[in-house]
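Residue numbers (the working numbering), protein chains in the order written: chain R, 1 to 398; chain U, 1001 to 1229.
Hints were generated in silico from the structure; no laboratory data involved.
Every value quoted in this text rests on a predicted model; they were computed, and no experiment measured them.
For every residue, glycine included, the Cβ atom is placed at its ideal position computed from N, Cα and C.
Check each hint, because a few of them may be wrong.
[Claimed, not checked] A partial selection of chain U residues facing chain R, derived with a Cβ cut-off under 10 Å:
hint, residue
1, M1081
2, R1084
3, Y1100
4, R1123
[Claimed, not checked] In silico lysine-lysine, BS3-like type, Cα no more than 30 Å apart, as pairs:
hint, chain 1, residue 1, chain 2, residue 2
5, R, K299, R, K311
6, U, K1120, R, K8
7, U, K1184, R, K136
8, U, K1120, R, K311
[What the hints assert, rightly or not] Simulated coverage check for chain U against chain R, where a stretch passes if three residues somewhere in it have a Cβ under 8 Å from a Cβ of chain R:
hint, region
9, 1033 to 1044
10, 1107 to 1116
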Amino acid sequence: MIFWEIAKRNIRIHMLRSTLAMLGIVIGVVAIASMGILGNSLVATVSDSLKSVGDSVIVTPYSGGGGGMMGGSGGSSSASLKITDQNFLQIKRVSAPNVAIPVYSTSDHMKIGVGSDDIVATIYALPSDDVPDMMKLQAGDYNNGNSGCLVGSTFAKDHNLKVGSRISIGTDGSKGTLRVTGIIEERGMSFDISTDNAIVVTQEWFENTYNRKGDYDEVVVKVRDGDTATVKTNIEKQLNKHKDNKIVSVTDSKATLSSIYATFSTVTTFVSAIGGISMVVAGVSIFNIMMMSVNERIKEIGIMRSIGTQKKEVMSMFIYEAAIIGVIGSIIGGILSVLAGYAISALMLGTTKYLFTIANALSVAEGVGFGIVICLACGIYPAWQAANLNPIDALRHE
Amino acid sequence: MTSAADDQPVMSFRDVVKVYPLPSGDVTALDRVTFRVDRGEFISIMGPSGSGKSTLLNMMGCLDTPTSGDIYISGTRTGDMSDRELTNLRRDRIGFIFQYFNLFPLLNIIENVTFPMMLKSQRSVDPERGREVLRAVSLEEPLFTHTPLELSGGQQQRVAVARALINDPDILLCDEPTGNLDSKTGAGIMDLMTELNRKGTTIIMVTHDQHIAEYSHRTIRIADGRIVE
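With the sequences and hints as input, model every part of the structure.
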């Protein structure tokens, strides 16, 4: 249609002005979309780190509002802040058919090889049969016998450990020597046990070495059947019958993850909204050039109206102009925001593997869409004003 | 034999009054103006500055509405029409020719001429019709793809005439059509008008030039908003 052609030609003859307006939109789209990409990539990175704990319920001794210390002075009903064997059996019963895994943990001195530095690391112990439910191995096997252990991937890397290496436990190896039988795959951050920088030993070895029996540090329920929220409620109903005498704290990892994701989502929205300010500035610039365009063409509008152009046709001419600037600017902005997202992800997260995701595509689409909508919205008033000019006054305009 | 439509005036004014309310007091631009224009007439409207010529032309072109009285164009009363209907009336029944040509600088000659056709058909049109009308106003073919600013004043006014004629209007309204041209070029444009009128086009021309008014068959003189002759 002729009005589309006129809009195109008007942009062409005012190329500098139109390009500057487009630049504003490009910057706005890049700001919004790249912030969205950063937020999404951040969430993806964290999700990846936490994906292994998404189906767990973690039961720890109740510590009286989080302030209790070992020794039982924090208002806890459990003087030693441990989960007893009896409590564990209750947890196991109410969680069935899901697997409940009792976990011991402590930290101790250890040495890797003769003459090495003394280090302190976390030691976890859990029933051998349950180990495959909690972690996967990148080397070796689960069957580690009584004097074998599994080591976390970061721990193995940092101390140059391989399957077959030996670790002396305790000051000067006072608690014996363990042989590495397997390297655990990286598990990242987790709510149950963090094995990346720890070693995992058999329950028997741990009980014998540290003289403990039936006083667990935590119980992890791997929920395969039903949902984590129900398991959590069941455990709380069974063990925390009295409000004033709570025995355990129960964490639903899925709910915790949801709350983490919700927080990230809020941060992403907030950061994108800051990017949106630049879009508003771009919108003001579009509004300004559209008003200039109308003011320069008042006489032309008068001629058009006098020879039979409808108001809506005059309006469409200016809307097309805003749309062309908006669509071109937004598409360029969309392309550049992928590049900006790549750079930001590489610099801030150290990885770009989360760049090409549906969430990021949606962020770019949102930025592009917002850019186009802003342009159209900012073109509407000038277009309306042009369409409603009095043709006689417009014809007299010099 | 003439039909009923041919007998009907292409335009008639009945007791048309136009009052502009101003803070300093109402100004009556047209005062009970009554006249009719029959098909095929060539009329000039003359009068001193401020006499109401422009207001009259705006009323005839449906760009303005009267305070009271009736205006009929081809038998249709314009007072009851919406803005949309009046716009369509301007597009289909009236051709405008302005003193300063008023072509669209962004469009080439063919596009300028076919612009009203595109408004009517709502889509692209056959440029051959534009060429045909441009040839009829004696514009040379090589100029058809030029932009208006590349043409002389006389050539631009011929393009404006072609644009006004493209939708076969009932009336051609001309506002000082030679006012911005030298006398020789102006005479050429007036010869073109005379030729168009001879072929049946009804022409109403506002001018203050007695020599130009002599091309018309009838002159309506206006003073202080009233027809005086």
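Going through the hints against the structure:
1. M1081: 13 Å, violated
2. R1084: 6 Å, holds
3. Y1100: Nearest chain R Cβ about 9 Å off; hint holds.
4. R1123: This hint holds: R1123 of chain U lies near chain R, its Cβ roughly 7 Å from the closest one there, short of 10 Å.
5. R:K299 with R:K311: At roughly 15 Å apart (the allowed maximum being 30 Å), K311 of chain R and K299 of chain R satisfy the hint.
6. U:K1120 with R:K8: Roughly 22 Å between the alpha carbons, so the hint for K1120 of chain U and K8 of chain R holds.
7. U:K1184 with R:K136: 100 Å, violated
8. U:K1120 with R:K311: 14 Å, holds
9. 1033 to 1044: violated (count 0)
10. 1107 to 1116: holds (count 4)
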